[in-house]
Amino acid sequence: MSILLGRPPGDRPPSAAPGHTGSRATRILGVATLVGLVGLCLCAFIFSPPDSRPGPEPGSRIGQFDAVRLMYVHFPAAIWTYSALGLCALASGVYLWRRGVWWDRLAHASAEIGVLLCAVTLLTGMIWGRPIWNTWWEWGDVRVVTTLVLFLTYAGYLALRSVPAAPEARARRSAILGVGGAVLIPIVNRSVEWWENRTLHQQSTLEELRIEDLTLFTLVLGIAVMGVFFLWILIHRFRLAWLEAEVESAGLEAALAERRAEAGEVAATGAGAGGTGEGGSAP
Amino acid sequence: MREVLLVAAKDLRIELRSRVLLFQVAPFAVATLVLLGFALDADRSALRNFSPGLFWVAVLLTALLAAQRSVAVEHAGRAADALLLSATSPARIFAGKALALAAQLAVLEALLGVAMVVLYDARVEHFGLAVASAAAATVGIAAAGTLYGVLAAPMGVRETLLPVLLLPVFAPVLIGATRAFGDALGTAAVNGWAWFGLLGLFALVYAVFGALAYGPLLEAEA
Amino acid sequence: MESAVWLRDAVCCRGRFPALAGVDLDVAEGEILLLRGPNGAGKTTLLRLLAGLATLDGGRGTVLGCDLGSDRRALRPQVGLLGHDLMLYEDLTVVENLRFFAALAGASDAESRAALERLEVAPRLADVPLRRLSAGQRKRVAAASLAVRRPRLWLLDEPHAGLDESGRGAVNRLVRDAAGRGATVVLASHEAPAAAEVATRTVHLVGGIVAGRSPDSPAAPASSSPAAAPPPIEQVSDA
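Chains as they are written, first to last, in this note's numbering: chain A, 1 to 283; chain B, 1001 to 1222; chain C, 2001 to 2239.
Simulated from the structure, these hints should not be mistaken for laboratory data. Just so you know, these numbers come straight off a predicted model, no measurement behind them. Ideal Cβ positions, reconstructed from N, Cα and C, are used throughout, including at glycine. Do not rely on the hints blindly, as some may be mistaken.
[Said to hold, decoys possible] Estimated spans, in silico, between C-beta atoms of each pair:
| hint | chain 1 | residue 1 | chain 2 | residue 2 | range |
| --- | --- | --- | --- | --- | --- |
| 1 | C | Arg2131 | B | Ala1042 | 39 to 49 Å |
| 2 | B | Gly1186 | C | Arg2016 | 56 to 66 Å |
| 3 | A | Val31 | B | His1075 | 44 to 54 Å |
| 4 | C | Gly2015 | A | Leu214 | 52 to 62 Å |
| 5 | C | Asp2085 | A | Leu158 | 24 to 34 Å |
| 6 | B | Leu1016 | A | Ile127 | 53 to 63 Å |
| 7 | B | Val1118 | A | Trp137 | 32 to 42 Å |
| 8 | C | Ala2135 | B | Leu1016 | 23 to 33 Å |
| 9 | A | His20 | C | Arg2131 | 53 to 63 Å |
[Stated by the list, open to error] Far from chain B by the CB rule (all over 12 Å, computed), these chain C residues:
| hint | residue |
| --- | --- |
| 10 | Asp2009 |
| 11 | Asp2024 |
| 12 | Pro2038 |
| 13 | Glu2117 |
| 14 | Glu2191 |
All chains should be modelled from the sequences, with the hints used to inform the complete structure.
Listed below in structure tokens is the structure:
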């Protein structure tokens, strides 16, 4: 992954920072994302059939009909939400262990994208739930409720990151919070599961669906496209954090020079400044 | 262990002297219960049915204040630095502060419990279950509150940041404690002791996580 | 002689601001070093860095044989810091504060009583909450809690500020005793006469670096009587 994201900053002189967040990898991934999106739209909206099958009464049809097309976004977004936030927790853990800024930036980038994808997951889920479950929100479903808590947890993580602080202190606090999220989520999942002890959609959506070849293909395509998209903006976000750090450290160089100049000024007027400070002590 | 008790005793002694818990946090807790009563239109049967959940919502909101107070004590006058400069391991400081916070929460819960019985007409059917699950929940809340309190502490935005970070963490406690109390108060037909197990697990996980993470957090503050 | 403090090009940031912009400093064991400099020169940050409470953002440093980059946890228990903030609990009484920190450091109650006596804290104040003491009285209590811990390196930030004549004398006696027992002392002070009385050497800090680094040899040995040492301030004024 370090090949994609760029070498750790320690390995290169400061001037070697990229001038922008693009790289050959992002250009390839970007084109792949665009092409994939066009393909996904064609498959999801035109080629794949709506979900419908014969109902119990003769002549009737049941199923999710056109709402099933939301799955091609919802399901991949959910998978990559969990991957992104898992990556954030993992990078946070490695940061605590190995202490490299590289891991801190990776955690930050993946958390931001993870929260974004989590919002997409929740929104598409609610839009899908309205026609299918006849409600925007279903408290009885473990995944829905757990995902909301997950969203709130990592929104808190981003809130913590947004507070101005010394970079190392912020990295350390954020890393602990990132790991804390990974500690929390299994407990939330288990407790919500016991709480209602029934799940509406984990089996229902996939097993009841009449999985045709094209439906399955579209679903897999959605996951792949979303994955490429995730990787694409992850690299951009990571390199942006890198640039931000470069700007910060360039600022530090300037601040250091300024600070030393301050000492020079005083030295120039040396004895005078010293003398006023010590006026009281002069015998 | 000696150091754990020293830190805990110190926190409790500060509380006894400043009386913040008694004069500020406790009235807040009771006022919360009263407002929740208004929210449910003071319907006696509804209040009794929902009393476990309302009780724990009040406890968790109160715990936010108590956790803030626990951190503020160390940050006024930078006493946290003095703790860092002592040879005490951060895990012991964490344990001591969590213990003191748990003791304070236990007192508040006792008060809220009485208020719940009086105001909501709740009846405790299984006293043992109620006490055991409250104890497990309290340890979990205290451990999480101590950890996340110091996480949000050194910033100028502690008052607003801590609730954002801590309330999602409290979600499983609220679910578990409400269910366990539902059984203990006879308002829900569930197995309360299973929920007690979940609360115990939460307490264990956060006690261990907190003890491990407290050191790096104190370092980050320095 | 062992070196208690060794800093090379030390940089230390408060937020984004480089409070220390490349400090070179050597302090020998047993020395009493006076840090001087205008407000904002970086004195407090330097003391916090030496205490292992601030991170080293550039350069290298060793304090009491502990590396400031990797070994701060081992350093801290050996250091005593008297800062602007007293690092005590306002709601506890004088004795409770002292007992708590003495117990954490493994010292006895008798030692904390003795420390209070040395700082001339009136016995009637022992059971008064810190909150109700005057600034000078609090400072004495803070100094006493430092003495109880018997640190190897004393870092004193304006120890004389707010103290009356007898208080300054008590602080100076404490500093001399500590140095006499082989501890090293670094103090920052604007109270020139009181500080110059004990200091064996003066370093001037300006704009986050050591200004007018005098070419003179390492340090006056600790064994030389502090009173006999030349008034160090004049060295700096001449520079």
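Checked hints:
One distance hint, 39 to 49 Å for the beta-carbon pair Arg2131(C) and Ala1042(B), holds here, with the actual separation near 43 Å. For the pair Gly1186(B) and Arg2016(C), the supplied restraint of 56 to 66 Å holds, since their beta-carbon distance comes to about 59 Å. The hinted window of 44 to 54 Å between Val31(A) and His1075(B) holds, with their beta carbons roughly 52 Å apart. For Gly2015(C) paired with Leu214(A), a C-beta distance near 57 Å keeps the hint of 52 to 62 Å intact.
Checked against the hint of 24 to 34 Å, the C-beta distance between Asp2085(C) and Leu158(A) comes to roughly 32 Å, which is consistent with it. As the Cβ distance of Leu1016(B) to Ile127(A) is approximately 55 Å, the hint placing it in 53 to 63 Å holds. For the pair Val1118(B) and Trp137(A), the supplied restraint of 32 to 42 Å holds, since their beta-carbon distance comes to about 35 Å. For Ala2135(C) paired with Leu1016(B), a C-beta distance near 26 Å keeps the hint of 23 to 33 Å intact.
With their beta carbons about 57 Å apart, His20(A) and Arg2131(C) fall inside the hinted range of 53 to 63 Å. Every Cβ of chain B is farther than 12 Å from the Cβ of Asp2009(C); the closest lies at roughly 21 Å, confirming the non-interface assignment. With 12 Å as the threshold on Cβ separation, the claim that Asp2024(C) sits away from chain B holds: the shortest Cβ distance comes to roughly 23 Å. Interface exclusion of Pro2038(C) from chain B stands, the closest Cβ pair being 24 Å apart, more than 12 Å.
Listed as a non-interface residue, Glu2117(C) keeps its Cβ farther than 12 Å from every Cβ of chain B; the least gap is roughly 21 Å. The beta carbon of Glu2191(C) is kept farther than 12 Å from every beta carbon of chain B, the shortest such distance being approximately 22 Å.
The structure shown violates none of the earlier numbered hints.
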